[in-house]
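These protein sequence lines map, in sequence, to chains R and U. Sequential numbering of the first sequence, starting at 1, is according to the working numbering. Sequential numbering of the second sequence, starting at 1001, is according to the working numbering.
There could be a bad hint or two in this list.
[Unchecked claim] In silico contact screen, one side only, chain R against chain U (beta carbon under 10 Å); selected entries:
hint, residue
1, Met38
2, Ile253
3, Gly255
4, Leu268
[To be verified] Some chain R residues flagged as far from chain U (calculated, every beta-carbon gap over 12 Å):
hint, residue
5, Cys53
6, Leu150
7, Ala195
8, Tyr205
9, Ala215
10, Asp294
Calculated directly from the structure, the hints in this document are not laboratory data. Every residue gets a Cβ at the ideal spot worked out from N, C-alpha and C, and that includes glycine.
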Amino acid sequence: MLHFLLRRLAGTVIVLAVVSFLTFALLDLAPGDAADAMVGEYASAAQLATVRCELGLDAPLSSRYLRFVSAAILHGDLGRSLISGRQVSELVIERFGHTVTLAMVALSLSLVVGTLTGIAAVAKPRGHLDLAVMSVTTLGLSLPTFWVALLLIMAFSLRLGWLPVVGAGGPAHLVLPAMCLAFPTTAMVARLMRASLLDVKSADYVRTAHAKGLAHHQVWRDHILRNGLIPVITLLGLYLGRLLGGTFIIETIFGWPGLGRLVVQAILDRDFPVIVGAVLLIAIIYQVLNFVVDVAHARLDPRVGRGAL
Amino acid sequence: MVKRSFKSFLRFAFIFLLALTLLACGPFQRSGQPSDGVVIRALTSEPSGLDPHGPPGSGQNVLLPYLFDTLVFRDVDNTYKPFLAESWEVAPDGKTITFQLREGVTFHDGTPMDAQTVVFTFERFKEKGAKNPLAGGIMDIASIEAVDSHTVRFHFDQPSAIFFGTLSMPYAGILSPTAVKEAGDAFAQKPVGTGPFKLDQWEPGVSITLVRNPDYQWGPPVVQNQGPPHIEKATFKVIPDAATQLAALQAGEVDVLFVNQPGQILRLREEENVQLTETTLNTLIYLGFNCQKAPFDDVRVRQALAHAVNKTEIIETALSGLGQEAFAPLASTLPGFDPKLKEYELGYDPEKAEVLLAEAGFTQDADGVWVRRDEKLGGILLTSTRAPNEAVATVMQSQFKAIGVPIEIQQLDARAVIKTSTEGDYDLLLWRYDWNDADVLNIYLSSDRIRRTNRVFYSNKTVDELLERAMHEMDQQARNQIYIETQKIILAEAPWQPLYTPLNVLAIRDRVEGAVIGSMGRVLLNDVRVVEE
């Protein structure tokens, strides 16, 4: 286990180094820099040069990257936003809290609803319930999120007047964005759950379990569900990574102050310290999640078990 | 079996979709009315900070005037009224301007506003404000002196005609030296001015709330209530998405909204309980030609393409009729505009366009495309992704195609458009300006700004001289005359084809009464009262 951890840690360090360098290099290729963004389009050439020099953007890519790395490693300092002058760590953490809340609510919603509907559908394959679940989930996967979001706003905020349109604060603000985010995931979980359960249900070991006289619920609990959940967990792990990286469209529509909006605004402003800080955070999240998924796999599936760790 | 299940599959999907859509349509109900005494405005982009000398932005433009007062107030008719300065005197040579400051004005932190604080503000601006769009006007100031406790004198090397315009902008607000020293770098998060509102709470990414300044007694002359605002708070909700802004207004979560998309204006016109007021941002949308790149370096080619543009059709098709045709390089609301310039317009005339192209040595090939020395006439029309640029560009594309000039539309984000056009990597440019002074022609078309703000690479010595003279002409009548002469030359040489002025609208819910609209779309809340709908 310790060996496994150390190997993972080393991998993470390499990933962070590569990701931060690539982010720097790609931003360098994008037209315009933060000085352009800051002075606006009316500024004179002298003004622009002054600002560019103040921000240290006139230095070559390599020296800017080295300066960033040394500050980050030696002082744990990710720098300040070029635009607002605030600490990057502070900006990113401030937004990340909101993103985590939204992601967790959306994920729990999809996990609970998705698993239950998947199980319900499998109880009688090709029955009416199964068909209903399959058709709604197909819609869930194919309807564009922004359209669903606007429809939900019209239905629940404007027509029924139950929920606020925008903002963050109370739990009421969470409902619509979480529903929007959960809709496609729930559909995916339900379909995967159904397919995986159908698969497991007809497996030899399940027939054996029935044959050796185990009670129906015991077969389901210990054999069918336990095995059926494995692919769902892999999927949710990956999906959580996506949610925690910020969901720009949903955040924009519902005015939710998440990470996605911060990053996109920073990209438009070419505010590279903020972009790099956020990208690093997202890279770390993926590393942690992959680790957690691997551990969960090992616990659920003894075949993966000790060997993997 | 398979067929049956597919049919019921479709049936379920259809019923689900129908239910959701039905729920979404029909009459709307209002939810969660904001409490009395609070006015809520939607903000498209959150300010990065509220230091007037920090980086500019549309959020800053909206918020700064509530927190900071300026020396002079610019009215909608572009005249200047006393504000923190009670009166002023311009020396005959235009090189010194002396302001008599109002007495008894205090900052939010209790510091009295006097000549020293004004000197402090502008010296800090000169030192820190390189990133600000006003920097040009501020850098003209040679020195500032506090003559006595309430008299300030500005010295200039050359008279500056744009100085009053600069002074009235939100970024020229007077700030509290005590607060600046105390907050240091954090002043952008803790702004302290003399404005009618103070910063109450800033929830990043969500909203900024201002609370009324109970000591306020120095409102600008355009409002009735010179004292503290009637409303207790003004909240600015950050809502990046335009469709959500509209929904929030309909749901009663927002009272004031700035709208410039034709589709949304049309929808708002049907909304009860909402007043629409047109605002003037001195905006001009124009088509620019890359004057250094063949074949657009040939004035006849530029004129030909200008004649191919049908502005009426653009406004009808791309803007649903919500815009005003423009014919002069200056927006019709700017001083220096003259309706008589209409006769110099290169109006819609496809036949004349063809004559001009033939004169320039072009012939039409079998497909009707104009060719000169094996080179086809055409190119890239560069514009930003901002609505309704795509629609306008598409209409123009078909108009050019009609006379035999195929063009390709390239849409980039605004920063990339600025960068690409500054480097001259385009043929045609669909772009805009919102500026409060006729000096905008100098910014965009004088040859010493080439490779910076002059992105059409237009160069004309006479125009340069005229624009330079206008910059130092303190007599408004004489200055306007110079601009009229300049525009005649510009129109003939066609570095730009002015297209239209868009309709900009402020939507205000009926519960908010007494809002006064100032210049550049500013909403003054001093007189506002909240009433029941």
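Discussion item. Please check whether the beta-carbon of R/Tyr205 is more than 12 Å away from every beta-carbon in chain U.
Written reply: With a cut-off of 12 Å, R/Tyr205 remains clear of chain U, as the shortest Cβ separation is near 30 Å.
Discussion item. Checking a non-interface call: every C-beta of chain U should be farther than 12 Å from the C-beta of R/Leu150. Is that right?
Written reply: At about 6 Å from chain U, R/Leu150 fails to clear the 12 Å cut-off, so the statement is violated.
Discussion item. So, as I understand it, the hint says R/Leu268 touches chain U; can you test that by seeing if any CB pair is closer than 10 Å?
Written reply: The hint holds - R/Leu268 has a Cβ within 10 Å of chain U, the shortest such distance being about 6 Å.
Discussion item. Less than 10 Å between beta-carbons is the criterion; does R/Met38 satisfy it with respect to chain U?
Written reply: Interface hint status for R/Met38: holds (4 Å vs cutoff 10 Å).
Practice prompt. So, R/Gly255 near chain U? Judge it on the closest CB pair being under 10 Å.
Written response: Holds. Min distance 5 Å.
Discussion item. Over 12 Å from every CB of chain U: does R/Ala195 meet that, or does the non-interface label fail?
Written reply: holds (16 Å)
Worksheet entry | Least C-beta distance from R/Cys53 to chain U larger than 12 Å | violated (10 Å)
Worksheet item: Should the interface hint for R/Ile253 be scored as holding, given a Cβ-Cβ cut-off of 10 Å against chain U?
Response: holds (5 Å)
Worksheet item: Since R/Asp294 was said not to touch the interface, does its Cβ keep a gap of more than 12 Å from each Cβ of chain U?
Response: Holds, because the least Cβ-Cβ distance between R/Asp294 and chain U comes to about 34 Å, which exceeds 12 Å.
Discussion item. Is the claim that R/Ala215 lies outside the interface with chain U correct, judged by CB distances over 12 Å?
Written reply: holds (32 Å)
Violated hints for the displayed structure, listed by number in ascending order: 5, 6.
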